[in-house]
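Peer 1: Chains as they are written, first to last, in my numbering: chain F, 2 to 417; chain X, 2 to 417.
Please keep in mind that the hints were generated in silico from the structure rather than gathered at the bench.
Check each hint, because a few of them may be wrong.
Copies of the same chain look alike in the list, so a pair counts if it fits in one copy or across any two.
[Unchecked claim] Calculated pairs, BS3-like style, for lysine-lysine (alpha carbon to alpha carbon, straight line, at most 27 Å):
(1) Lys-37 / Lys-382
(2) Lys-268 / Lys-348
(3) Lys-341 / Lys-133
(4) Lys-107 / Lys-133
(5) Lys-312 / Lys-341
(6) Lys-53 / Lys-37
(7) Lys-411 / Lys-237
(8) Lys-237 / Lys-147
(9) Lys-368 / Lys-111
(10) Lys-111 / Lys-264
(11) Lys-322 / Lys-144
(12) Lys-380 / Lys-133
(13) Lys-322 / Lys-237
(14) Lys-37 / Lys-102
(15) Lys-380 / Lys-312
(16) Lys-322 / Lys-348
(17) Lys-102 / Lys-128
All figures in this text were calculated on a predicted structure; none of them were measured in a lab.
Number of protein chains: 2
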Amino acid sequence: MTQASIITIGDELLIGQVIDTNSAWMAQQLNVAGIKVIRRVAVGDTWDEIWKALDEESTHADIILITGGLGPTADDITKPLLTKYFNGKLVINEGALQNVKNIFEKVLNKPMIESNFKQAEVPDTCKIIQNKRGTAPGMWFEKDGKVFVSMPGVPYEMKGMMDDYVIPELSTFFIFPHITHRTLLTAGIGESFLAELIKHYEGTLPEHIKLAYLPNYGMVRLRLSSRGFDRIAVEKEVQEYFETLQNLVTEHLVTNLDEPMEKVTGKLLAARHKTVCTAESCTGGFIAHLLTTIPGSSAFYDGSVVSYSYKAKEDLLHVSKELLQTKGAVSEEVVIQMAKGALDAIKSDYVIAVSGIMGPDGGLPDKPVGTVWIAVGNKNKIVAQRLHFRFDRERNTQLTATNALNILRKFILADI
Amino acid sequence: MTQASIITIGDELLIGQVIDTNSAWMAQQLNVAGIKVIRRVAVGDTWDEIWKALDEESTHADIILITGGLGPTADDITKPLLTKYFNGKLVINEGALQNVKNIFEKVLNKPMIESNFKQAEVPDTCKIIQNKRGTAPGMWFEKDGKVFVSMPGVPYEMKGMMDDYVIPELSTFFIFPHITHRTLLTAGIGESFLAELIKHYEGTLPEHIKLAYLPNYGMVRLRLSSRGFDRIAVEKEVQEYFETLQNLVTEHLVTNLDEPMEKVTGKLLAARHKTVCTAESCTGGFIAHLLTTIPGSSAFYDGSVVSYSYKAKEDLLHVSKELLQTKGAVSEEVVIQMAKGALDAIKSDYVIAVSGIMGPDGGLPDKPVGTVWIAVGNKNKIVAQRLHFRFDRERNTQLTATNALNILRKFILADI
């Protein structure tokens, strides 16, 4: 079976200055196209390491996709290396040059400098991949029946090339099986208890269907995967096992699609033609941000008040000064007033309000770091609950947000 | 020189279901400790692939750090594999068992099941690393002068083990050089023009000092790196070259520290004892979120109004219905009213307001997707400008947020 390996190039990956989001995206697209990614490797901007990686990955895989190292500056050595590796010489490509000129004339409105012309040089042993979103062209090499593709590291340029050219071209070059994944999301049950619950089921799975546990933010995703050349048969079989799995975890099931909590709650609201607003203290707008990452979120989301200071809680949400002083901002009474205040101001159908201490500082003896009050409700009823997380600021914020969205989801489902 | 390789294990990495943030963090910590990371490799939950990765990475590196594959469920094969790879047998570790029992008794308040006991099993050929944050212990192996460390994939558990044990222990095992990086952030100048500006300077850099260009969200970071056993000499030399670099890019310099835009703007506000609030439409709370990711942000951040709907713009920010109808929400007039409305409501010293079309839908002939109006100001003066981004929803949102923070930064610096 055809296998791919992804090489990402850049010292910044090895000193941890940037997080590699490219290879996850690429793996996703390859997978959908039926190409199994077997390895992902990151190496620095070092001649020997890149050379060795090309040698080594071509022993593992049939398709080697490379990103990074193609910028106009002196720290990028990938292009000369590829020229040598594939026994070519650098030549100006007219199509690529025209593209660079267009970008400078029409988009940037600036004269070109020498290094910009260099962007149009490619080895004469490659097929060029036009870059519609930037100046560095992609390169397609073939050697001993293997395909090597080099693309820029800028995510949206790489993504454009993958969609427009690389995936379609690979599909004419190789024959791929159909790969299918089905994922569901559970909440409120730990990984080991979930495993216990479906232990017998797991034993009944045929060898070629894989089950994976993916814990994330206090929830667990379960994924079934299978592959084969008969698309209909593969999907039918996985679907049957997936239905059995859903039935086993019904009580904890959030969604039977591979989608995040904010999308589940957003879709539920949209389906009922209802809207939500939020009143956020400790999460500082993160719940609003999650909801608005979903295209078309204006259908179910009206707006938020981020009341970080006491003053903002009083002025924007009409939380009483007395309550803030006697109970503190992180209290049941205040979070309920925040919820009511947001509903009064924004007049959505539902509301989420949160107030807590995310850390690293601000903890109190009776309210340690990680203490959070969450209120959800509508104009008839507001319910509040206290949760406690034990992690760092970032993770506490994420857990608060996903839990709040889940609490609202359950409130809506119970609200007839 | 001692080199490390990071192996991350999990099918989810190879189908792109999760983004690998662990290895970036690990690389950062290793780097600070003077350990050069030479490669990062991700492989699936497959016996042969993990085995080959251990073989291969030990030809590249002296230290091999492994994360993932240690959960209590059946898809995790790393522990049996490591037991065989290092010629051991699985035995219950008393310390690890006690830890698992404690977590179940004191934190989870649940009875243990069989798979939980299995978490306390380790190969008898390793030193155990206690997990203070979860049930799966870490494992430290030594073979042919090389060190192999296996840790859970859960980020905060792995991070705890690295800080508490792995980094200190490695430092007693090997002698590391001092590694130093200095990073500055520029805005308003493209990578190739920046390269042209510092071309001569780049030529004067000694072989052992590396310069890297890191473009991100329309800004470019420049990083100088060097290493050596004489810490003081290494730092002094880099500092001199770094100062020259700063002088060359003064006009475009945002910060001479490795910190994000929100921190630069936040620190500037805090230093002047000023606060900011935001009125966000298209960014849906993302600017508020960025500002509140900074611990202690309550010193300079009061709150925000996220006015996603027309109604929220009218009710919360008193934008006039007439303006919304005649000019549209994405207009100079509306973004200025949003800014004024937020200042009136929250009474901060400064304000940022944004309104735009992030895509994929919602574009108009005269306001295509990516059109954004940004207003910044204080009670005396509000200025607005129109920007246009050409990317996807996520990137347009990020670019809007960082640009808005930079525009406010420049406004504050000009505001005497």
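Peer 1: Hint by hint, work out which the structure violates, then give me just those numbers in ascending order.
Peer 2: 1, 3, 7, 8, 10, 11, 12, 13, 14
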